[in-house]
Amino acid sequence: MSVPISSVGTAGAAPEHLGGRWAWLRRAPVVRQVRQSVGLQRGMLLAGIGLTTAFVLLAALAPLLAPYGPSQRSDAAGSFGTQQPPSAEHWFGTTVGGYDVLSRVIWGAQTAVLVVVVAVAASLVIGVLLGLVSGYFGGWLDRVLVLVADAIYAFPSLLLAILLAIVISGGQSSMWGGILAAALSITVVFIPQYFRVVRSEVVRVKSEAFVDAARVLGTPHRRIMTRHVLRNSVRTLPLIVTLNASEAILTLAGLGFLGFGIEPTAAAEWGYDLQRAVADVTSGIWWTAMFPGLAIVIAAMGMTLMGESLNDLADPRLRSRTASAEVAGDVAETSVQADTTKEDER
Amino acid sequence: MSEPVAQITDLAVSFATDQGSVRAVDGVSLQVAPGEVLAVVGESGSGKTVTAKTLLGLLPETATARGAVVLTSPQGVRTDVVQVSAARMRQLRGTEVAMVFQEPSTVLNPVYTVGWQIAESVRAHERISRRAARSRAVEALRQVGIPDPEERVDHYPHQFSGGQKQRVVIAMALVLGPDLIVADEPTTALDVTVQAEILDLLRRLRDETGTAIVLITHNMGVVADLADRVAVMYQGRLVEQAPVTELFADPQAEYTRALLGSVPRLGEGRVRAEARAAGRPDGWAESAPVVSATDLTITYPGRFRRPGFTAVDQVSLSIRPGEVLGLVGESGSGKTTIARAIAGLQPVSDGSLRVFGTEMRGARGKALAGVRPRLGFVFQDPAASFNPLLTIAECVAEPLVVHGRARSPEAARGRVDELLEAVQLPRSYGSRYPHELSGGQRQRASLARALALDPELLVADEPTSALDVSVQARVLELFAELQAELGFACLFVSHDLAVVDLLADRIAVLYRGRLVEEGPGSEVLDQPRDAYTRRLLASLPVPDPELQAERREALRSL
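Residue numbers (the working numbering), protein chains in the order written: chain A, 1 to 346; chain B, 1001 to 1558.
Be a bit skeptical, because a hint or two may be false.
Said to hold, decoys possible - Using 20 Å as the maximum straight-line C-alpha spacing, the simulated EDC-like pairs for lysine to aspartate or glutamate come out as follows:
#, chain 1, residue 1, chain 2, residue 2
1, B, LYS1053, B, GLU1036
2, B, LYS1366, A, ASP150
3, A, LYS206, B, ASP1381
4, B, LYS1053, B, GLU1103
5, B, LYS1053, B, ASP1010
6, B, LYS1053, B, GLU1185
Rather than coming from a laboratory, the hints here were simulated on the basis of the structure.
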């Protein structure tokens, strides 16, 4: 039985994690996808990243960038005046309430980012936890949770959000109260999404051989869940997070538009401004509606572009590659002769 | 010699991957004469399937091909598949060249009847009526030996057994009368007794219709059984090409010799088993067994008041300390179920199963805690049995950490290095991730993990069936060495009699959940008492064309 062939199959490709000073940077989540992408997909991804970064920067630097406060109606030179067209003092004009549109748009980015972060973080934590427990243990708990998730799905999500906004804020309108109310009402809509994705992944991973291997060892459930199942079940979450973030912006705008968002005196909110601008449109005042509207579209589009392209890149079947025009490349080592292996092993 | 039906000249194929271009086939030249069976053999990744798929123009978009692949029709029309348009290629498929795939159950569409599917391939090429197409389908089914074809033509794929499904797939390939059939591992997914039938069918079809067959396989026994000529591929190149008797009798290339040398043959393990038996202390036969099953029955519950499926039916067996029991059977015979029950992964329905004296029937967490550290398990698929996010060292350290022998994977590193060395993996591989290892290396790491706690019993569930034959030989040898050194008892599950014979002291044969025969290797293999064991033995193709021809006759008379 002694044969010169010893080791084998596709001999391990050079381990990526072993070399290079900047190796960690090249493997960082988004950077890796950018390097991987080509052509249109790369364009979409870069555009998405660019818009999203701009949106976040705008929010973070709002106090520096905005010429006036979100609820400011007058300065040293006196009142702004209502429905003023764009001018040197007010680049985007003023609203019917006498606010500066540019400042409202910039401060609105801050509100949107806060709501998105709180909403996504809360639904992520709760959804993943429920999905993990439900998928791993199964049984009646699983059945009940799936039923509840389905029931929430069946509700129109905006209606649910409105209901919760009323319950949580009870009509009061402080900045944080409003943001939390908006974020939590969005959370309830999102939890079922995370729950279902994580649960189905957990159910799949649970039957993998490496989980069986852990069970044979008598590994406690908690350790199996955290060490083996959870980490293998959350790979698709970053994609859902980016897609949900854009949905959260739209839901927030919807809430504001319907009057369940944040009061104008507490913080700036695009949906509210848009609603106040409805009457202006017919009288030829375009600036009050256009700028908040554009902000919503651009912010949501940036997130969606990023989410969609990350999604495509994660799937090898959807990922485009540059085909080589000529037959090229080396034959991969598929088998190693005994003598060379020995050397490797030393 | 008449003009070849297919001529491949200097073919090179590369694939665009995330890591840049990879060359799969490099400078391969082959030809297939009419009515000839050409076997292309090689391990996985050697480019044999890519070469065959090029014949049908089935390369994916990421592939780039160079060279010429010329198909010649009986009328003398030549077409170069590499250059041809997609529309012309579609005409050629089915009429001149057809394909038989590896996994018959995934090739057939479950929502259409098989007759519809066969007729569909006819109607794609010829304008004929539904009725005529259907009668062609019936004819094709009759040709491949499906009983009652008039009735079976309206059945759905799930109503056929695995072997019959493969016959249907072959009927689909044959219905348009192609000059060349490419069969990509046509019997790999089938049981060995069914494999013998399918090989017989292919041989008969070649004789009746004069169709040339390109047979892709890694099984040298299948090659010896069916092929006229053999092409051996290795790392994308053709290393040897010879008529079948010549290749087996006098292999020229170094690689071919190594490949033939690593094919397990019946009777090889006997010397080792006898040496082990001689070395046992007195009174060993009376010592308490590690595993003892009495009338062990395992049923899977049925749905909607249908009766459950009995996977294991009143099996009684025992494994004594330091003994290797080989469990052989076809798919669905219950061998994996028994292995999983011993490891506590599958509840026992009836009878008794005692592992280290602990009754497994109805046992729960606490009761099993005493059994677990004394038992190691090696899984079938080395790719799936490691957590992809942990390094090999962390995976191997897992049992040590769970059972409190080490506080953290880092603290266990010394023991892990020892274990990796015991299975002949370099220490540095500990910091690699599972996907960075080859199949054989992963299976060795899996062995290291199973041995981490110095178990008294090792359960190995088809540990080498996912590996190439050359790798399998190496892993089996390592297995035997470790067993001799550490002296653990072992349940070795496999569908391959030759592999089991290599390692086992005793062999147990399962058939449809029942234990049909059990005894020392020499007894079971030389004087099989049960009819099924005899059939199983006779169906096993041996890597020797002349011997195999004799065995084929013997099987026919059974």
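| query | Which hint numbers does the structure go against, in order from smallest to largest? | reply | 2
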